[in-house]
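Given next are the chains, with one letter for each unit.
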Amino acid sequence: MLGQTIVNGLLLGGLYAIAAVGFSMVWGVMGVINMAHGAFIMVGAYVSYFVFATFGIDPFLSVPLSMAVLFVLGYGVQRLLLNRLMRTSLLLSLVLTFGLDLVLVNIFLLIFSADLRSVNTFYTSRSFALGPVLIPYVRLAVFVFALALAAGFYVFLNRTKAGQAILATALDKETVRLMGVDPLKVYALTAGVGAALAGAAGSFASMLFPISPSMGITFIGSVFVITVLGGIGSIEGAVLAGLVYGLIQAFAASLLGVNFQEIVAFLIFLLILVLRPQGLLGKRFYGEVA
Amino acid sequence: MLKARFAPLAALAMSVLALIAGAPDARAQNVLKIGVAISQSGTFVREGEFLRDGYQMWADKANAAGGVKVGDKNYKVELVIYDDASQAQTSAKLTEKLITEDKVQFLFGPYSSGIANATAAISERYKILTIDPMATANNLFTRGYKYFFCPAALGNTGLWPVVLLLNQATPKPATMAIIGPDDLFPNNNAVGAKEKAEELGFKVVYTAKYPKGAPDLSTVATGVKSAAPDVVLASGYSQDSILLVKALRELQVAPKAIGLATAVAVPDFRSALGPAAEGIMGVDYWAPTLTYSDRYFQNSQQFADEFQKRFGHAPQYHAAAGAASGIILQAAIEKAQSLDSTAVREAMLQISGQTFFTRYKFMPDGTNSLATLFVSQIIDGQPKSVFPTDIAQAPYRYPAFK
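For the protein sequence lines, the chains are A and B, in the order given.
Oh and the first sequence: position 118 is 118 in the numbering used here, straight run, nothing missing.
Oh and the second sequence: position 9 is 1009 in the numbering used here, straight run, nothing missing.
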């Protein structure tokens, strides 16, 4: 039972991790708390569902498509709407993204209705045994792909020019202009990439959870906690925190009862804020540049 | 320049005045306003929309037949509908708004006992008659409310038909697990099921409650696996039941039967689970094969056909219950020959009869003494009623899974 709990927690943690990386990045680089992140995940799930239902293409294969769709959405929102707010109060971005969330959810309610949908492949709900522990195929695949995507994003940030521009803008957006980088373009790129990662998370989620326009709600709370837990703006932090969060929830549910999983997770979150407010791997100055 | 600045404002003012002047005088037509604060978003959006469409179906049928007749006046039914976002507090506020601002004469209740818990207190305070077929928690009817009625079977009986079926199965299962979300209606179901099960000699070896919107139930499935019960009963709603069945399959938990308190006849439940839905039992309030009839519908199939035509998809039991509520309300209003809630409430206790959904005879506590439930099982991809045997379309399969 202990082994199964660890496996359950870790595998789910992988999904939470990739769901949080984009959110954490956007917050760290631009100070924008994207309340529509859950809705982005939902859109990604629907893209994969739609492709699966119409063409029979496996969601893992449609991840690039949902990432592309969400990139356009995230980039567009930042470029056309949020960039105008960057010069004013950043709290306005909370309000705007909250409104965006409402709009997206309701548009999807109109188009798709509230009917629950699900992706059923030939390997859904099948699992294999590794000693005393059962590992579901879908969860393992999601875990692997999610971590691979996070690693790829890390490489993108640290080894490509665009990625370096994003990191530089996060550190000091005034100086970066002197390097020939336009912060507003970088913000749009970051938002696009952050949304694309949410889209990927949505594609993965489509295989695990029933799909409905309000499915984003279950994510936004966890994503928030994981971001702060790992350190705002830190990808390694988000991944680590995602796994830790998954494990905490699994153990809390197993030892105390499923009712306690949220309570315990948030208690740990509060503890971290009190004892180590920059999160597990966050740096004190990162993401705090005004 | 000045003119140009004020032109749009002037245009706006003119349009508003024109709208007010041109608005039809509502007093000229007799209108029966019925308030509906219901889930059109949030966790219960599906069920809320089904229920709302049911209420609307009755309203349309009544209006097509000339309206509700009181004395020599014909009243056009008008539903005033607000979205409570599946939140009890919001629904309570909207109920108060419907009563005090929109001045509705009656109320059709929200989806789920948890939300009705909040709204019933409001309608009781203002003494406005509420009919809510989807608020079936027993404790709603032990408070002495006089203005709250439910035509459907109560919550604690939700899993009884499955327990009774399993009691007759051979070989009779010895152990049982009962799981569900921590919410009013599921808790009712779970407690009622446990009592009935123990009364009939089953041993309940595992129970668990999980948060209503929990995204992951692998821990619960792990717990069920260690307890290894013969059968599993789940008291939750569609969304978490789908998650639960998937989690059980992932962890290769193989009970001899899985019984849900929610309807397995709902198509998206079956398509969401695919082949994993085969053999699962659920409890139904209603199916198009029932043969009760009333003034608008000869039988349930006619209701199903007309609903399909009007709304573009087949009705679920929530819609049937909603429409039946309207038919019952109309019967009570016509008996009382009044639109006063107190008079109509008295009439509710005097009427008895049939709707295509159920027979009815109400008790002073607001419950329907003639309400019933039945078990459906998914056999070869289709839901078939299997218990009680007198309305069964097919024999039940036990063990349910190969």
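Just so you know, the hints here were simulated from the structure itself, not pulled from any lab data.
A quick note: this is a predicted structure, and the numbers were derived from the prediction, not measured.
Note that beta-carbon positions come from the ideal geometry of N, C-alpha and C, so glycine has one too.
Please note that the accuracy of each hint is not assured.
To be verified - Label-pair distances were calculated between CB atoms; the ranges are: (1) T121/A / E1195/B: 52 to 58 Å; (2) G56/A / T1291/B: 54 to 60 Å; (3) Q164/A / K1402/B: 56 to 62 Å; (4) L80/A / T1291/B: 54 to 60 Å; (5) G56/A / P1171/B: 39 to 45 Å.
What the hints assert, rightly or not - If you only want the chain A side, here are some residues facing chain B, beta carbon under 8 Å, derived: (6) D115; (7) S127; (8) T160; (9) E174; (10) N259; (11) Q278.
As the list claims (entries may be wrong) - Residues of chain A placed beyond 10 Å of chain B at every Cβ, according to the derived structure: (12) L12; (13) V51; (14) A68; (15) L96; (16) L109; (17) L130; (18) P136; (19) L167; (20) L171; (21) K185; (22) L208; (23) P210; (24) E236; (25) A253; (26) E262; (27) F269.
Evaluation of the provided hints:
no. : hint                         : result
1   : T121/A / E1195/B: 52 to 58 Å : violated (41 Å)
2   : G56/A / T1291/B: 54 to 60 Å  : violated (41 Å)
3   : Q164/A / K1402/B: 56 to 62 Å : holds (58 Å)
4   : L80/A / T1291/B: 54 to 60 Å  : holds (59 Å)
5   : G56/A / P1171/B: 39 to 45 Å  : holds (42 Å)
6   : D115                         : holds (4 Å)
7   : S127                         : holds (5 Å)
8   : T160                         : violated (34 Å)
9   : E174                         : violated (40 Å)
10  : N259                         : holds (6 Å)
11  : Q278                         : violated (28 Å)
12  : L12                          : violated (5 Å)
13  : V51                          : holds (16 Å)
14  : A68                          : holds (26 Å)
15  : L96                          : holds (20 Å)
16  : L109                         : violated (7 Å)
17  : L130                         : holds (13 Å)
18  : P136                         : violated (4 Å)
19  : L167                         : holds (32 Å)
20  : L171                         : holds (35 Å)
21  : K185                         : holds (36 Å)
22  : L208                         : violated (8 Å)
23  : P210                         : violated (5 Å)
24  : E236                         : holds (24 Å)
25  : A253                         : violated (4 Å)
26  : E262                         : violated (6 Å)
27  : F269                         : holds (16 Å)
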